[in-house]
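Residue numbers (my numbering), protein chains in the order written: chain A, 1 to 315; chain B, 1001 to 1282.
Because the hints were derived from the structure by calculation, they are not lab data.
All the pointers check out, no bait thrown in.
Keeping only pairs whose Cα atoms sit at most 25 Å apart, straight-line, the calculated SDA-like set for lysine to any residue is: (1) K120(A) to F224(A); (2) K120(A) to H1012(B); (3) K120(A) to Y1007(B); (4) K52(A) to L1145(B); (5) K52(A) to L1138(B); (6) K120(A) to Y1270(B); (7) K120(A) to R220(A); (8) K52(A) to L1117(B); (9) K120(A) to T228(A); (10) K120(A) to A1024(B).
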Amino acid sequence: MGAVQIKEVRPAVTRGGGPWRRLFSQEGPTAVVLLLPSLIVVFGIIIYPLLKTLYTSFFAVDSAFPGHYPFVGLGNYAHVLRTGEFWDAVGHTAYFTVLTTFLEVFFGLLIGLLLNTDLKGRWLFRSIVILPWALPTIVNGAMWRWIFNADYGALNALLTQLHIIPHYRAWLGDPWTALNMVAVADIWKNTPLAAFFILAALQTIPGDLCEAARVDGAGRLRSFFSITLPLLMPTIVIILVLRTMEAFKVFDIIYVMTGGGPANGTETVAYYTYVEAFSNQLFGEGAALAYIIAIFILFFAIIYMRMLQRGEVEY
Amino acid sequence: MRDSLGYRVFIHTAAVVVAVAVLAPFAWLLISSIAAPADLLSRPLHWIPAHPSFSRYENVLFNPRNGSAATFRAGMRNSAIVAASSVAISLGVGIFGAYAFARLRFRFRRVILLLFLSTYMLPPIALVISLYLTMARLHLLDTRLGLILVYCSFITPFVLWIMSGYFQSIPRELEDAARIDGCTRIGALFRVILPLARSGILATALFGFLLAWDEFLYALIFTSSLNSKTIPVAIAEFTGRHTVNFGMQATGGILASLPPLAIAFVFQRYLVGGLASGAVKG
Chain A
1 MGAVQIKEVR PAVTRGGGPW RRLFSQEGPT AVVLLLPSLI VVFGIIIYPL LKTLYTSFFA
61 VDSAFPGHYP FVGLGNYAHV LRTGEFWDAV GHTAYFTVLT TFLEVFFGLL IGLLLNTDLK
121 GRWLFRSIVI LPWALPTIVN GAMWRWIFNA DYGALNALLT QLHIIPHYRA WLGDPWTALN
181 MVAVADIWKN TPLAAFFILA ALQTIPGDLC EAARVDGAGR LRSFFSITLP LLMPTIVIIL
241 VLRTMEAFKV FDIIYVMTGG GPANGTETVA YYTYVEAFSN QLFGEGAALA YIIAIFILFF
301 AIIYMRMLQR GEVEY
Chain B
1001 MRDSLGYRVF IHTAAVVVAV AVLAPFAWLL ISSIAAPADL LSRPLHWIPA HPSFSRYENV
1061 LFNPRNGSAA TFRAGMRNSA IVAASSVAIS LGVGIFGAYA FARLRFRFRR VILLLFLSTY
1121 MLPPIALVIS LYLTMARLHL LDTRLGLILV YCSFITPFVL WIMSGYFQSI PRELEDAARI
1181 DGCTRIGALF RVILPLARSG ILATALFGFL LAWDEFLYAL IFTSSLNSKT IPVAIAEFTG
1241 RHTVNFGMQA TGGILASLPP LAIAFVFQRY LVGGLASGAV KG
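Given only the sequences and the hints, what does the whole structure look like? Please build it.
Rendered as structure tokens:
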């Protein structure tokens, strides 16, 4: 009886040709049907603006009204690349990107390790740590602007009451300090994301691996550096690249905290593009700038994909 | 292996330090929203307000005559409608695409996947100029529908990314068994796969909601009136216009943050698990 049952099931399970095999392998048309809605929703919306922006970047468009604008070829690109303000913005963006990405990964690693220990009230601790990440970027910017306020800010109050600084300071008043203060606000908000990525990676590392090392006499630090850290590397790289791309696009927090000032000292490339296109109505130049940013980010994206492909860790 | 007392003291101290660093700015935001203006502008600063009052909340939520309050309320409503609709549409279309990426073999699978992922890398500023001109022609400027459509274009790739990771983690055998019993592929997707991926769908929906709620640049450029202005735009505007009314800035900020903060606090496990699995698996 048992043998008969097995025989009956068999033709369906084996995949060696026959009608079943053909049915299963015709996946192309099914895939097209399943993917079509997504393709329409995404590329139906972005493909035209994307091409149109590229087209615009070759013309000296200087108003939002349709009309005939002179063709300038790569003129907009050349002009942008010769502008001092653009390179200043690149400098601010690069500094901001490196500083925030590095510190977010560093603190994210430490906090991620802490999230993974068996703390009392661990559930509560995790729920608290994630909060800055959920705070809307605009609210985060407004909140830190208020904390850094030159006349009434909480940071000034705290530091003078602790006698760390003698007088109130304008934290957003000079370009260099302002850029660093914006970075502080960004780091405070985005470190939790890095920490939780690290936590997720730590949870996939078998506990007995570190246990075994410790039984063999390795100290906590030693087992971290020779076992845990190498296994975390793929995740760290992913965070690095994701955060780099995000930081390179930074706009919202600059808009609400400093408006690019003082003296354009916190103007990033995305913000500069916004000002050129929407305040100065130089849409052609704005479009060229947008493509320059996209090329930069594409460069990071390629690195990201490479890392992901190599990132499979086995143990 | 037992942990030493010193180690346990160390990690608990570190956790308290981190929790304070996280909560202190929130606490100050909350205090600012209930403190009297005189307390906020005092030097040296009074940290604990003498006469806390929730009158600003009352004002923002119920006062019909205050223009800023009306903008906040409209902003919250618009944000909720835009975020919920764009998430619903994105999930509706994205789940099928994610399934195709997770389970089917077809030509250009990898190329199409990369195309979707690369949209995430596009700076919105590259699209916003032309989108503005197009939307003006289609009379979609300053409408919620216009925003919903644009938001779908960046939430859908996210759905594809995270959900295909979830689908891959569901054993293929379950689906094969259903299909041998006579289910079609779509039937198996609805009866077997989707019920198993419930937590993934929840995480993706919440995540999409947070993304939409947080979006600023498109909303800033495309909206101009109470018809469609979202809450980040309302807050940025208020902060820019009433630079010294810190109490109202804080109140608006807290109200705008409550939905995403509540989501993150309650669903922390789902969100983090979903995000991490999607990102690591690609």
